Amino acid sequence: MEESIDVKKYMRKSKKRHQSSVSRKIVYGIAFFLFVIYTAIILYFFLYGILISLKADQQTFLDDVLNVSLFSFPSPMNFGNYITAFTEWTAIDGKNSFLMMLWNSIWRTTVSAFLSWFTTALVCYVLVHYKSKFTNALYVIGLFVSMLPLYGGQGAQYRLYSQLGLINSPFIMVVSITLYGTYFFYMYAFWKGISHSYAEAASIDGANHYQILFRVMLPQVLPSIIALFVMQFITAWNDYESTAAYMTDYPNLAYGTYAYGEISGYQGNVPAYFAGVILSLIPVLVLFIAFQNTIMEKVYFGGLKG
Amino acid sequence: MEEKTVSKYVGSGQSSRKKHGLPKLTAAKKKEYLFVASILAIPILFFLVFWLYVNLDSLVLAFQREEYDASGMQLVFTLENFVMVFEGFVTNGDLLIALRNTLLFYGVALVVVLPVSILMSYFVYKKIPGHKLFRTVTYLPNIICSSALVVLFQYTFRSGSPYEALMNALGKPYEYPLVTDSAIVLLLVYNVIFGFGANMVVLGGAMNSISGEVLEAGEIDGCNWFQELVHLILPMIWPTISTILVLSFAGILSSTGPILAMTGGEYNTSTLSFLLYAYATGAVKTISQDIYYASAVGLVMTLITFPIVLLLRKFLNRREEA
Chain A
1 MEESIDVKKY MRKSKKRHQS SVSRKIVYGI AFFLFVIYTA IILYFFLYGI
51 LISLKADQQT FLDDVLNVSL FSFPSPMNFG NYITAFTEWT AIDGKNSFLM
101 MLWNSIWRTT VSAFLSWFTT ALVCYVLVHY KSKFTNALYV IGLFVSMLPL
151 YGGQGAQYRL YSQLGLINSP FIMVVSITLY GTYFFYMYAF WKGISHSYAE
201 AASIDGANHY QILFRVMLPQ VLPSIIALFV MQFITAWNDY ESTAAYMTDY
251 PNLAYGTYAY GEISGYQGNV PAYFAGVILS LIPVLVLFIA FQNTIMEKVY
301 FGGLKG
Chain B
1 MEEKTVSKYV GSGQSSRKKH GLPKLTAAKK KEYLFVASIL AIPILFFLVF
51 WLYVNLDSLV LAFQREEYDA SGMQLVFTLE NFVMVFEGFV TNGDLLIALR
101 NTLLFYGVAL VVVLPVSILM SYFVYKKIPG HKLFRTVTYL PNIICSSALV
151 VLFQYTFRSG SPYEALMNAL GKPYEYPLVT DSAIVLLLVY NVIFGFGANM
201 VVLGGAMNSI SGEVLEAGEI DGCNWFQELV HLILPMIWPT ISTILVLSFA
251 GILSSTGPIL AMTGGEYNTS TLSFLLYAYA TGAVKTISQD IYYASAVGLV
301 MTLITFPIVL LLRKFLNRRE EA
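If you read the protein sequences in the order shown, they are chains A and B. For the record, in the first sequence the residue sitting at position 165 is 165 according to this note's numbering, with numbers rising by one throughout. For the record, in the second sequence the residue sitting at position 99 is 99 according to this note's numbering, with numbers rising by one throughout.
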């Protein structure tokens with residue numbers, strides 16, 4: 001009797017499993033189809049940009065506008081626009097060429113991303129592995145600052161930068177040194193995942209605090225926090241708003257992309273401009289492709305407890 | 001209280017410790033405190049100057065305006081900024097429009113972007129065919145500069161674009177939508193199309209940290225995909241979701257999104273964060289810099305959002321505990 005109930009139960013479960021497996025296949029199929037459509041939409045924008053960048057010249061571009069055929073295969077394709085882009089972007093302010101903006105992007109991004117990333121990593125290490133009332137209080141303040149940002153500080157910030165002579169000065173990079181950086185909670189989570197026993201063992205072996213940090217603990221979180229550096233780098237590379245506000249004398253490529261349209265009123269050489277836009281995307285694309293697995297698999301955070 | 005702790009860390013002299021009845025610091029403790037101080041001192045100093053001072057100063061600025069007389073410019077105490085804020089909400093309505101748009105953006109992020117991001121993350125996590133490509137493509141807009149993305153988006157609707165071709169095919173008159181009242185709709189569409197990637201990274205990361213055994217057990221028990229997502233995965237990644245909810249609400253006033261590059265705030269597309277940026281920095285050609293007004297707007301918005309964020313967090317934490 002009991003055996004027949006067990007068999008019935010097993011049969012019922014097995015039927016349910018089969019049904020669930022079929023419904024999963026159908027749902028996965030629909031999801032796949034929708035993902036394909038979404039992928040096509042995203043890739044369309046890049047393809048469109050490339051097509052415009054390869055138009056023969058500005059006149060061809062204007063003809064295509066009149067004929068409502070901007071999204072058309074350029075014939076002949078003018079790869080020379082990718083050379084012209086280097087001089088075309090000078091139209092923004094008459095001073096800074098594409099190469100100059102590229103250089104500004106490189107040094108500004110590297111310095112600001114490194115300062116913010118490095119200080120946040122070290123601060124979080126201390127907050128996690130040197131527990132005390134003081135470090136706990138700093139963490140709680142961090143929670144407060146992140147969740148309840150005080151709005152309207154930008155005016156006072158602008159005035160302070162101005163008083164300190166930081167507007168249009170390379171020294172403005174120092175403000176990237178921060179107690180609670182963009183990736184504070186991610187860093188905190190990474191350090192929490194590393195057992196303190198490694199530090200204790202190293203300490204018994206005679207290592208000092210800096211050796212423990214840089215030789216024992218940091219290598220363990222490096223893959224994860226490098227992913228954060230790449231994300232920070234990409235964010236800083238793409239930042240055009242703070243350039244528009246504070247650093248117009250040192251324009252980066254992101255600002256150039258924005259300002260060209262604003263200043264030239266789209267009267268310039270649009271295909272060459274688009275070639276510049278496409279070129280400006282290459283560094284971050286390469287960086288992302290190189291680190292995408294690390295970014296996608298290592299970056300996460302949990303809840304906010306304080 | 002805090003000062004006492006700080007002095008403990010930065011290693012106050014032994015005589016002062018003796019005076020307070022504290023035990024003598026060992027050499028090892030001294031080294032530890034020195035190490036902690038060496039890491040934290042500069043970031044704390046920068047925090048005090050560029051966060052605490054800035055925010056306190058903005059509080060003062062909210063009650064000040066410039067006045068000019070024979071001796072030059074003088075800052076005077078006034079409530080005029082708050083009168084202007086009141087007018088912005090009631091009389092001329094520019095703040096009201098900005099508030100409406102801000103809530104629209106947050107609403108869309110909450111109702112459309114977050115749920116779809118969860119679904120997309122789930123299917124990528126379940127490794128459907130092509131999941132790696134889909135994951136990369138979804139994240140792609142996050143690594144592309146928004147000013148470049150905006151240009152590509154704008155040209156999709158400009159004269160000569162596929163949009164105009166579509167309008168012609170449908171026999172409808174063409175008008176560049178970003179210079180009309182439909183601009184806000186296009187901005188919302190932009191935020192939806194390009195908004196999934198950021199959530200997907202953290203949600204995907206959280207899902208990857210779930211033990212496979214739990215899901216296997218669910219599958220053996222005949223859980224379908226929806227039950228698996230709702231009853232097994234969502235409760236386990238709830239801390240991440242609640243963090244996204246709190247941080248995105250707190251962040252609705254701190255990022256301007258694509259507005260600066262897309263419309264410059266014209267055609268009723270400004271948000272509160274955009275207005276704060278524009279008034280504070282003077283970087284928008286149609287809006288004159290007014291740091292005093294920006295500070296007053298910020299103060300009012302802080303007073304409104306402060307309790308909301310606290311309540312939201314309390315509610316979400318309670319759900320997490322339940």
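Please keep in mind that the hints were generated in silico from the structure rather than gathered at the bench. Quick caveat, the model's predicted, so the values are computed rather than measured. There's no promise every hint is true.
Below, a list of computed lysine-lysine pairs in the DSBU-like style, where the Cα atoms sit at most 30 Å apart [said to hold, decoys possible]:
hint	chain 1	residue 1	chain 2	residue 2
1	B	285	A	192
2	A	95	A	25
3	A	192	A	133
4	B	30	A	131
5	B	126	A	192
6	A	25	B	31
7	A	131	B	132
8	A	133	B	126
9	A	192	B	127
10	B	29	A	95
11	A	131	B	126
12	B	31	A	133
13	A	192	B	31
14	B	132	A	192
15	B	30	A	133
16	A	131	B	29
17	B	30	A	25
18	A	133	B	127
19	B	132	A	25
20	A	133	B	132
21	A	131	B	314
Status of each hint after checking the structure:
no.	hint	in the structure
1	285(B) - 192(A)	violated (46 Å)
2	95(A) - 25(A)	violated (59 Å)
3	192(A) - 133(A)	holds (17 Å)
4	30(B) - 131(A)	holds (15 Å)
5	126(B) - 192(A)	holds (27 Å)
6	25(A) - 31(B)	violated (61 Å)
7	131(A) - 132(B)	violated (40 Å)
8	133(A) - 126(B)	violated (43 Å)
9	192(A) - 127(B)	holds (28 Å)
10	29(B) - 95(A)	violated (56 Å)
11	131(A) - 126(B)	violated (39 Å)
12	31(B) - 133(A)	holds (18 Å)
13	192(A) - 31(B)	holds (23 Å)
14	132(B) - 192(A)	holds (28 Å)
15	30(B) - 133(A)	holds (17 Å)
16	131(A) - 29(B)	holds (13 Å)
17	30(B) - 25(A)	violated (63 Å)
18	133(A) - 127(B)	violated (44 Å)
19	132(B) - 25(A)	holds (18 Å)
20	133(A) - 132(B)	violated (44 Å)
21	131(A) - 314(B)	holds (26 Å)
Of the numbered hints given earlier, the model fails hints 1, 2, 6, 7, 8, 10, 11, 17, 18, 20; all others are met.
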